[in-house]
Amino acid sequence: MNIGIKSWLDERFGLSGITDFMTKKTVPLHKHTIWYYTGSAILLFFAIQVVTGFMLVLYYKPTLEMANESVARIMNEIPLGWIIRSVHSWSASFMIAFVFVHLLSIWIAKSYRRPRELTWMSGVLLLLISLFFGFTGYLLPWDDLSFSATKVGTDIPRAIPVVGVWVTKLLRGGEDVTGDTLTRFFGIHVCMLPVFLFILLAIHIYLVQKQGMSLPLEAEVKQEKVKEIPFWPNFVFRETVVWLLLVGILFSIAIFFPPSLEKAADVMAPAPEGIKPEWYFLFLFQTLKIFPAHVLFVSGETLAVLLMFFAAVLFFFLPFFDNKPTLTKGKIITSLAFVFILYALVMSVWSLL
Amino acid sequence: MTLARPSFLILGFLFLFLLAWIGAPYCPAQQDVEQAVTSDLPEKQEPEKIIGAPQDIKQKTGIWVFVVWMWVSILVLVYFLRWKIKEVDRLYQLRYFSAKKN
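Chains A and B supply the protein sequences, listed in that same order. At position 274 of the first sequence the residue is numbered 513 (the numbering used here), and the sequence of numbers has no breaks. At position 3 of the second sequence the residue is numbered 1314 (the numbering used here), and the sequence of numbers has no breaks.
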């Protein structure tokens, strides 16, 4: 019976091609193999986000009057609703943390070197989409803190010359953060971003399969033979161990440290003290704060935003700058990754103090 | 001039009443009563912060049982998977899968 169904499906979908590919695909086994698991961990947390998001959207109402109330209802009245919300919130944080770790490990290992430039670029775009997911999702509970943080966040593009004001208005759906902004953010969060993410993810995974896993730089330079294991079942079993442990950690944290919900935002009230964005924006937030009001004839905020934009462009095209990884330039670019980690950590801690 | 007994009693009663009225806010027993009365009244202000938590002891117990069950299942599965990994690695080294295909 089982064989009958298998051959019936194979005749229609051509599944044997996929299974053949999986058994023939190999994964290098070396001391840095642990970093390969970060990519699949991102997929795991994204899948959890999708499932819990589907559950939350059944009860969430994206209107000015009902948004906060509906989240309160999810937390107080819907059976285990607070756990679902907590898992959604924590898996978002876990996903973004793993995207950062994944990209930084690739930067340090220089896995983006030829012919994997496009894999890197699609990965950077996926990071931006993940951050935008976090930004739009943060407003949805419509409480004091999320409202004020969104007000500050959507005000930042205003510093960009020429198009800045237009970008802010586009994000807000008007001059201020209102019910229109909430509806807009909800639409972006549940409709637009998932579509972009699925397309980019498909491209990224295709490129990873096409190019295969990268080898450590020293092994490639010395043309050493690296031990390999089959993707199926050897690597998949190892990945399953990592997935199980991550699911356990995620659920335990979500149950014992659920996110709270403040009272509904009052549009007319002054901004509360100690507005902080989500942890992954803290280093950018602090960078903006430490810039002086004016640097020569330019506004400090405009200069900071332009510098961040310039850094993001350099980050996106990094494989093209780091085209000679074994030379001094390559070593300097690797050390920049450590400088970035240190900078982000120091700025985030400073922002929290 | 002497006060009649009933008038004396009324004055005494009034004195005690005044003493109780003035002293009531400083009397702990009275404060308890007032607190009990005000706590019975429904709250008009909405809570400042909602923190997700199990709603009753049944749910709390259920969550603890779930967490323990989850970790026991994970550890058992990890144990079996480690054993399976060793086995498939050994079979791969013996070229068992490629021999099977040929």
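By construction, these hints were calculated from the structure, which means they are not laboratory data. Errors might be hidden in some of the hints.
Derived BS3-like pairs: lysine-lysine, alpha-carbon spacing no greater than 25 Å straight-line [stated by the list, open to error]:
#1 464/A with 1360/B
#2 1397/B with 502/A
#3 300/A with 1371/B
#4 1360/B with 1371/B
#5 264/A with 1395/B
#6 1371/B with 515/A
#7 270/A with 1395/B
#8 466/A with 1397/B
#9 466/A with 1371/B
#10 270/A with 1397/B
#11 1397/B with 263/A
#12 264/A with 1397/B
#13 1360/B with 390/A
#14 263/A with 1395/B
#15 270/A with 563/A
#16 568/A with 461/A
#17 408/A with 390/A
Pair by pair, the computed Cβ-Cβ distance ranges are [stated by the list, open to error]:
#18 1391/B with 290/A: 23 to 33 Å
#19 304/A with 1383/B: 18 to 28 Å
#20 1384/B with 251/A: 28 to 38 Å
A virtual CB, placed ideally from N, CA and C, is assigned to each residue, including glycine.
These are the hints, each one checked on the structure:
In summary, the hint linking residue 464/A to residue 1360/B is not supported, as the alpha carbons are separated by about 59 Å, beyond the 25 Å threshold. About 54 Å separates the Cα atoms of residue 1397/B and residue 502/A, which puts this hinted pair outside 25 Å; it is violated. Between residue 300/A and residue 1371/B the CA atoms are separated by roughly 28 Å; this puts the pair beyond 25 Å, and the hint is violated. The straight-line distance between the Cα atoms of residue 1360/B and residue 1371/B is roughly 20 Å, inside the 25 Å bound, and the hint therefore holds.
Using a Cα cut-off of 25 Å, the hinted pair residue 264/A and residue 1395/B holds, with the two alpha carbons roughly 19 Å apart. The suggested pairing of residue 1371/B with residue 515/A is violated, with an alpha-carbon distance near 32 Å, which exceeds 25 Å. For the proposed pair residue 270/A and residue 1395/B, the alpha carbon gap of about 21 Å is at most 25 Å, so the pair holds. For a cut-off of 25 Å, the pair hint linking residue 466/A to residue 1397/B stands: about 16 Å separates their Cα positions.
Of the supplied pair hints, the one linking residue 466/A and residue 1371/B is violated, its CA atoms being roughly 49 Å apart against a limit of 25 Å. Taking the CA atoms of residue 270/A and residue 1397/B, the gap is near 18 Å; set against the 25 Å cutoff, the hint holds. With a CA separation close to 19 Å, the supplied pair residue 1397/B and residue 263/A stays within the 25 Å bound. Restraint check for residue 264/A and residue 1397/B: satisfied, since their Cα atoms lie roughly 19 Å apart, inside the 25 Å limit.
A threshold of 25 Å between alpha carbons decides the hint, and for residue 1360/B with residue 390/A the separation of about 21 Å falls inside it, so the pair holds. Restraint check for residue 263/A and residue 1395/B: satisfied, since their Cα atoms lie roughly 19 Å apart, inside the 25 Å limit. Between residue 270/A and residue 563/A the alpha-carbon distance is near 23 Å, which keeps this suggested pair within the 25 Å criterion. Between the alpha carbons of residue 568/A and residue 461/A the distance comes to roughly 19 Å, so the proposed pair stays at or under 25 Å and holds.
Among the hinted pairs, residue 408/A with residue 390/A is consistent with the structure: their alpha-carbon atoms are about 12 Å apart, no more than 25 Å. Evaluation of the 23 to 33 Å hint for residue 1391/B and residue 290/A yields a pass: the beta carbon distance comes to about 25 Å. At about 45 Å, the beta-carbon gap between residue 304/A and residue 1383/B misses the expected band of 18 to 28 Å. Distance hint check for residue 1384/B and residue 251/A: the Cβ-Cβ separation is about 35 Å, which falls inside the suggested range of 28 to 38 Å.
The earlier numbered hints that this structure contradicts are 1, 2, 3, 6, 9 and 19.
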